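Colleague: Residue strings, one per chain:
2 protein chains.
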Amino acid sequence: MSYEGPVQDLIEEFGRLPGVGPKSAQRLAFHLLTMDAADAERMAKAILAVKERVRFCARCFNVSEFEECRICRDSRRDSTVLCVVEEPRDVMAIEKTAEFQGRYHVLGGAISPIDGIGPDQLHIKELVARVGSEEVTELVLATNPNIEGEATASYLARLLKSMGVRVSRIASGLPVGGDLEYADEVTLGRAFSGRREV
Amino acid sequence: MSYEGPVQDLIEEFGRLPGVGPKSAQRLAFHLLTMDAADAERMAKAILAVKERVRFCARCFNVSEFEECRICRDSRRDSTVLCVVEEPRDVMAIEKTAEFQGRYHVLGGAISPIDGIGPDQLHIKELVARVGSEEVTELVLATNPNIEGEATASYLARLLKSMGVRVSRIASGLPVGGDLEYADEVTLGRAFSGRREV
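For the record, the sequence lines run as chains A and B. According to my numbering, the first sequence is numbered sequentially starting from 1. According to my numbering, the second sequence is numbered sequentially starting from 1.
Treat the hints with caution; some may be incorrect.
What the hints assert, rightly or not - With a cut-off of at most 27 Å between alpha-carbon atoms, the simulated DSS-like pairs for lysine-lysine come out as follows: (1) A/23 with B/96; (2) B/45 with A/23; (3) B/125 with B/161; (4) A/23 with A/45; (5) B/23 with A/23; (6) A/96 with B/23; (7) B/45 with A/45; (8) A/161 with A/125; (9) B/23 with B/45; (10) A/45 with B/23.
In case anyone wonders, no lab produced these hints; they're calculated from the structure. This one's a predicted model, so the numbers in the text were calculated from it and none came from an experiment.
Start from the sequences and build out the full structure, keeping to the hints where you can.
Modeller: Here it is in structure tokens:
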């Protein structure tokens with residue numbers, strides 16, 4: 001049982017996207033059917049444009065329209081501090097906080113032996129090269145606070161401390177607006193061990 | 001704070017789709033970034049194809065690649081029974097049950113005064129014309145079992161019974177595999193009033 005050609009094709013294309021199940025794919029396809037032709041065309045063009053025009057920054061591996069990304073090109077950013085993240089979307093999340101004025105290095109994932117991802121599959125040698133050649137004095141490890149992210153942070157800390165840079169890890173603890181009662185024990189434990197004098 | 005041009009454009013395009021929030025739109029856009037160029041192109045083409053090649057069946061208003069849809073073209077379908085549904089996706093849902101061998105009529109929605117949708121905004125006059133001109137003897141009203149769908153079914157029942165066709169409404173009751181204890185009272189009430197001798 002399937003829809004007529006093009007509708008079924010589109011449902012299948014949408015169904016390949018992450019987090020889009022068969023019902024959602026169908027809903028999206030029917031929404032497109034009722035959209036203006038101009039809007040649908042704009043979406044198709046946006047998909048093609050992103051593949052044609054977007055690449056990864058040659059320096060930090062963030063997404064970029066040019067050889068180097070917007071942040072690497074910005075001379076006002078502090079080039080002595082590098083924030084190391086897993087994915088380009090982590091760069092955007094940190095940029096939104098406006099807490100960080102330095103530059104970034106995107107690893108392209110985290111160490112995960114189960115998925116066959118070791119240090120060689122990540123942009124770690126490029127990070128080491130940058131620490132060696134740029135004026136970096138401080139590294140902030142902002143990989144995710146989960147098993148893979150912590151393993152990656154530990155690995156990088158060991159590797160990079162020996163190069164004479166200061167290395168820090170972003171804090172784990174209770175989320176702001178959260179409720180102590182509902183926090184899981186690991187997070188609450190981290191909140192305690194990471195307590196600071198006020 | 002936004003991504004470089006094309007990435008931001010694509011996030012915004014995805015964000016316009018129903019049920020896709022800002023976080024999902026971002027995740028989808030980044031997924032597309034890492035997809036093969038050929039896969040992305042296939043998706044863009046599927047979007048354009050659906051707008052170019054898909055229209056609504058001239059007879060029943062289901063989606064169709066041709067003047068008439070696959071079901072209206074199929075001479076093996078029983079043309080004496082019409083199943084009336086709100087949307088093309090309802091046709092597919094009923095087809096999957098393999099319980100119905102007749103033909104369909106898609107209203108294009110349900111009566112909803114709050115949204116400014118009355119009988120004139122739906123394909124009701126076309127339904128009346130079909131009942132008058134085709135060999136229809138029975139109508140199954142399969143609009144949704146919610147306020148708008150029930151109102152539409154009542155309206156159609158009143159209108160069409162006078163034309164001398166048998167009119168039935170699909171059953172409401174407990175979903176199969178459901179649990180009596182967790183059913184809402186309206187559904188449970190319907191299950192009782194709709195009980196059948198066994």
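Colleague: Hint by hint, where does the structure go against what was stated? Just the numbers, ascending.
Modeller: none
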